[in-house]
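S.K.: Residue numbers (UniProt numbering), protein chains in the order written: chain A, 1 to 596; chain B, 1 to 596.
Among the hints, erroneous ones may be present.
Each pair may be met inside one copy or between any two copies, as identical chains are not told apart.
[To be verified] Under the rule of at most 25 Å between Cα atoms (straight-line distance), these lysine-lysine pairs were calculated in the BS3-like manner: (1) 549 x 484; (2) 484 x 552; (3) 481 x 536; (4) 585 x 304; (5) 351 x 206; (6) 25 x 510; (7) 529 x 481.
The set of hints was computed from the structure by calculation and includes no laboratory data.
There are 2 protein chains.
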Amino acid sequence: MTSASKALSVYVAAFLDELVRSNVKNIVVSPGSRSTPIAMVAAEHPDLHVWLNVDERSAAFFALGMAKARREPVAIVCTSGTAVANYMPAVVEAKESQVPLIVLTADRPHELRDIGAPQAIDQLNFFGKQVKWFVEMAIPEESPEILRYVRTVAARAVSTSLSGPSGPVHLNFPFREPLVPIIEDEHIWESGLDHRTQFVKAAESKLMMKDEELELLASGLTRIERGLIICGPLDRPGFAEEVVALGDKLSFPVIADPLSQLRSGVYNKKLVIDSYDAFLRDEYISQELVPEVVIRFGAMPVSKAVLLFLKKNPQIKQIIIDGEGLWRDPTLLASEVIHADPVLFCRLLNKILLENKGRKTGEPTSNWLESWIRADRVAGEVLQHFGNEEQEFEGQVVLRIAENLPDNATLFVGNSMPIRDVDSFFLNTERNIRIMANRGANGIDGTISAALGASTVAEPLILLVGDLTFYHDLNGLLAAKLHKLNATIVIVNNEGGGIFSFLPQSEHPKNFELLFGTPLGLDYSYVVKMYGGEFKRIDDWNELSAAIKNSKDVEGLNVIEVRTDRSLNAEKHRKIWRIANETIKANWEQGEGDAH
Amino acid sequence: MTSASKALSVYVAAFLDELVRSNVKNIVVSPGSRSTPIAMVAAEHPDLHVWLNVDERSAAFFALGMAKARREPVAIVCTSGTAVANYMPAVVEAKESQVPLIVLTADRPHELRDIGAPQAIDQLNFFGKQVKWFVEMAIPEESPEILRYVRTVAARAVSTSLSGPSGPVHLNFPFREPLVPIIEDEHIWESGLDHRTQFVKAAESKLMMKDEELELLASGLTRIERGLIICGPLDRPGFAEEVVALGDKLSFPVIADPLSQLRSGVYNKKLVIDSYDAFLRDEYISQELVPEVVIRFGAMPVSKAVLLFLKKNPQIKQIIIDGEGLWRDPTLLASEVIHADPVLFCRLLNKILLENKGRKTGEPTSNWLESWIRADRVAGEVLQHFGNEEQEFEGQVVLRIAENLPDNATLFVGNSMPIRDVDSFFLNTERNIRIMANRGANGIDGTISAALGASTVAEPLILLVGDLTFYHDLNGLLAAKLHKLNATIVIVNNEGGGIFSFLPQSEHPKNFELLFGTPLGLDYSYVVKMYGGEFKRIDDWNELSAAIKNSKDVEGLNVIEVRTDRSLNAEKHRKIWRIANETIKANWEQGEGDAH
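Take the sequences, apply the hints, and build the full model.
M.R.: Shown next as C-alpha cells:
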C-alpha cells in the first residue's frame, strides 16, 4: 500500500460519504480509467446505489430523470476527455429545468494538462454558465484539513445544487496514477468525519416576499373582478390544493398546464381550466375572456395560445410568482415579479384572504367564472368526442392514454408534438398521475434516458414520444436492459418532424421533406428487440388502451408503436379546434338566451 | 414579402455564399425551427452540399470526419437549445485534433433570452475554450455595411478555422420570426459581393523557425551518432518522403506511428520502424536503443511503450517540432520546442544537410541503425507469425485487415484497443492506405459518424471498432442509410471494455465486470438491419480476409462482427511481445557472434 494510494482512497471515500450523508443516494457511473477511484469507492459504499451507463449523454439524462422523479440530487461520474462533453446536453437541461445534478469528472493532474497527454482536454469551467458552481478539486491528500475540505465541498455541492434555482454543479477531480484505490478498510467512510453524523448540514431555504407587500397585494387582488391564475410547469407537492384555494377565494379561474401537476389527483377541480389551448386560439372567445389581472406561477405554459393571448393584451396586469428567483416572462409584459415560493405564497395569501373574508361581496365575478368554466367544459367535450373520431390522429393517442392510465402512474412526455397533444387532450382526472417532461430547454434529446431514470422510482411509467425523439436517444434503451427496468413506451410514429407541419415552412414544399419532414424509414422493432424489449405496432386503438391499462403489470421494456399521418395531422388539429370554438360560441349564445 | 424577411434572406445568403467562396463545400444540417433561415438558404446554394443528420452529436462528428478526410472546413448548423450542447463532443475532438469546423447555431434574439422563452439557453461563448473564435452575429439587416460585415465574418471564420492550430469556430445567429427566408430570387447570392469573385480572401500561412537557428540545429545534428526520429499522429501530404529523407541523411531510424501516415505508400521504408511498441517494452532491448537525441513530429504516438521509453531516459535531448504552435510534450522532458511546419522544416533541413554533405563520415552510426532495423524486422516477423496463430485474438483481426486492404483504402480506427492493435499489427506496406482515428481527445464517442463522414470522399472505407465504441455511436449509422454511403465496419466484439484488462484494476475482480468489463450482451445484427445494412458474424478468418478484399465493391453498409475473448486477450498480447523480444535478443547475440 503506497501512501499515495491510501490518501487517494481516504479522500475519495470522505467525499462520497459526505455526499451520501447529504442525501445523495444514487450515482450514475460511466466506465473509464481516470475515474477509477470514484467508481470503485462508490461501488463499495453501502448506501450509494451505482447505476452503470456506457454512453455519458444517456447517463446524464438518466440521472436527470431520476433526480426529477426523486426530487433529490443524483451524482454522475465519468472519465476525462469527450466523456465530459457528452454530459453537456443533460447539464443544460438540468440548468434550465432546475434539476440538482452533481457532476463529477475525473481529470489529468496539472502536470499532464495542455501538453498533448492522451484524453486530456481543458475541463476547468468546462460547462461555463450552464452550471451553478464549479470546483477544481484539490489533489488527494489525507491531512485533516484536506479531509475537512473535501467533506465541506461535498456538502456544499449538494446544498448549492438544491438552493433556488436548483441546478447542476461541477466538481473536477485531478487524479494521479496509481488510480486503483484501497477499498478493503471498512473504516474508510469515517475519515474526516470527526465523530459527527454528518460533517456539515445545510438548511434548505425558500424565497418569500415581505409581509407588508403581501398584505398590499391581497387587498389589491380582492378588488379585481376579472382575474386569472396561470400555472405553468411546476413540480411542488402541495401546490395544487393551495393555488386552487386561492382561485376559489378570488373567484379566478386557474389555467393548468399539464406539467403544473394540477390536472390530476383528488381535489376540487371546478376552477381548473384544461382546454384553454383550444379556445384561446379563437379571437372572439379570447377577447371575451381577457382578464384585468393574471397571476402566473412556474415556467411559461406549453401552450402557444396562452403566450399569444397574453402578448395580444398588453393591458393585462401580469403578476409573476417565481420561487426560483428567476425572471420567466417571455411576454416582456410583467407588471410585478415576485420572488416567492409558490406554495408558501399561496398559503400566506390564502390566510390573509380568509381573515378578510366578506370583503368580496355579491356575484360580480360569477359571469366571468361561468364564461371560463363553460368554454372549458364545452371545449373539453369536443376535444374528447372528435379526437376519438379521427383516424390515425395523434390527439387520440393521448386521449387513449389519459383514459386508461392506472392510478399513480407517471406519464413522461416527449417534446415537440407529444407535449402539445398532452396539453390539448390530457384533461382533468381524479387519478393521481404525475406528468413529466424535459421542459427546460425543450430538446428532443435524452428523453428515453430521462424517462427510464424516472422509472427507477416511478412505476408504472409510460413514456410518450414521437419517432424523431425516440431515434435521438435510442442508446438510452440500454439502461432498461442493464438495470431490468419496467417501462411502457408509446411511439407516435409519423415518420419525421410532425411539428414542422404546424409552422410556416410547411407552405414551402421545396426541400421541406429534406430539411424538416426528415422521414427516417426505420423499423424500430429491430432495435427494441436488441435491447431485450417487446415491440408491438398496433392497428387498433383498443390495443393501445389495453396496453396502457396493463402498464402496471409490465415487466421489462414494452414498446408500442402507433402509426399516424403527419401530412394530415395539423389539419385534423385545426378542424377540432374550430369545432370546439364554434360549439363554445353557440353555447355562450344559448347561455345568454337562458339568462334573458 | 416583408422587408424583415428580405433582410434575413439576403444576410444569410451573403454569409453562406462567402463561406462557399472561401472553400466550404459541405454543410451538415440538423432539423430545427430557429435554424430555418440557414437550412433553407443552404439547400438553395448551387455549390453547397447539404447533408441532413438528425442527432446533432452524430451530425457534428460526421462533419468532423468529412473535414478530416477532405482536409478542408465543413460547416454544421442546428437550432437553439440542447441541440447546440450535442455538438460539444465533436467540437472538443475538433479542437484537440485541429480539425476546421464551422459551427453555426441559431439562437433566439436578445429580447427572448433569459426570460423563460422556450428552447432558449445561454449560447454566448457556449463552447468556452473549446473553440478558437466565437462571434455573436448581428441581427440580420441588408445595409451594405452589414453585408460587408457578414461576408467578412464568413471569410474570417474559415481562415481562423484553418490557421494553426486549426480547429472549430462558433458563430451564433440570433434570428427573429418570421424565419422563412425568401429564396426565389436567383441574384440573392451576389448581395454584398460588390462585383468581386470572393469578398475577402485570407492567405494560409505556416510557422517556420529562423534560418540561423535551423543552420545551428543542422550542424548540431550531424554530430549526433545515436539519433532517433519519432513521428506521431500527423496528417500532412508530402511529410513521409521528407522525414524519411531526413532520417537517411542523419542515419536516424524513424519511428512511425500508424497515424503518421508513414507506414503506407510507395517510398523507401528501410528506416521506418513500425514494431517498436513490442520491443521498447523490454528493458534490456530498450536500454540498448536509447538515443542521444530524439526529433519528434506530430502528437505523442499512441504507443505507451514509446512514452515510457522517453520518460525513463530523461537524458535524451528531445527536440519537438510542432507546426501547430502547440506544446505537445507529455514527457515534460523536451529540450527544444520548435514551432515549424513539419514538411517545411524537413525540406529546409534536408537542403542544408545536402549542402553540407560529407560532413558525416565513416560508419560510426551503422551499428546503431542496424540494431534498430534488426529489432524491428524480427519483432515484425514474430508479430505477424504468432499473431496469425492465436485464435480469437484481436491482433489477428488487424493482421487480416492489413493484409487484405485494397490499395487506396482508408482505414478508420476506433480508440481504446483497436488503435493500439493497429499500432502493433499494421506494419509497413507499399499500398497507399490512409489511417484515420479520432486521436484528439481519444474518445470512444462519435467514431461511426466520423468514419462515415470520411467515407463521403474516401472509398473504400473500412472502420475497425470495439463493441463499446460501436454501441456509443449507433445513431451514427443513420447517415449510411440516409446518404447511401458505402462502408465496411469491422466490430471486434469482446463484450465490453477490453482495454481495462491491461490496467491495474483488472487485478481487483470485485466489481470489475460491473464498472469496467461492462458486458452489454447486445446482438448488433438487429440494429444493423434497422439501418438497412448487411451484418455478418464471422467464424473463420478467411471470411474476414475476403470481406476486406471485397470492401472496394461494397454497396451500402456492411458490418462484420468478429467475436474475441476479452479475458485472454491481454495475456495473448503479452505472450507475443515476450516471444518477439526473446527472438530479438537471440538475433542480436547471433548478430554479434557473426560480427566477431
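S.K.: All hints, please: hold or fail.
M.R.: Here is what the structure says about each hint:
no.	hint	verdict
1	549 x 484	within (21 Å within a copy, 42 Å between copies)
2	484 x 552	within (15 Å within a copy, 42 Å between copies)
3	481 x 536	both (18 Å within a copy, 24 Å between copies)
4	585 x 304	within (21 Å within a copy, 77 Å between copies)
5	351 x 206	within (18 Å within a copy, 74 Å between copies)
6	25 x 510	between (53 Å within a copy, 21 Å between copies)
7	529 x 481	both (11 Å within a copy, 20 Å between copies)
The structure fails none of the hints (numbered hints given earlier).
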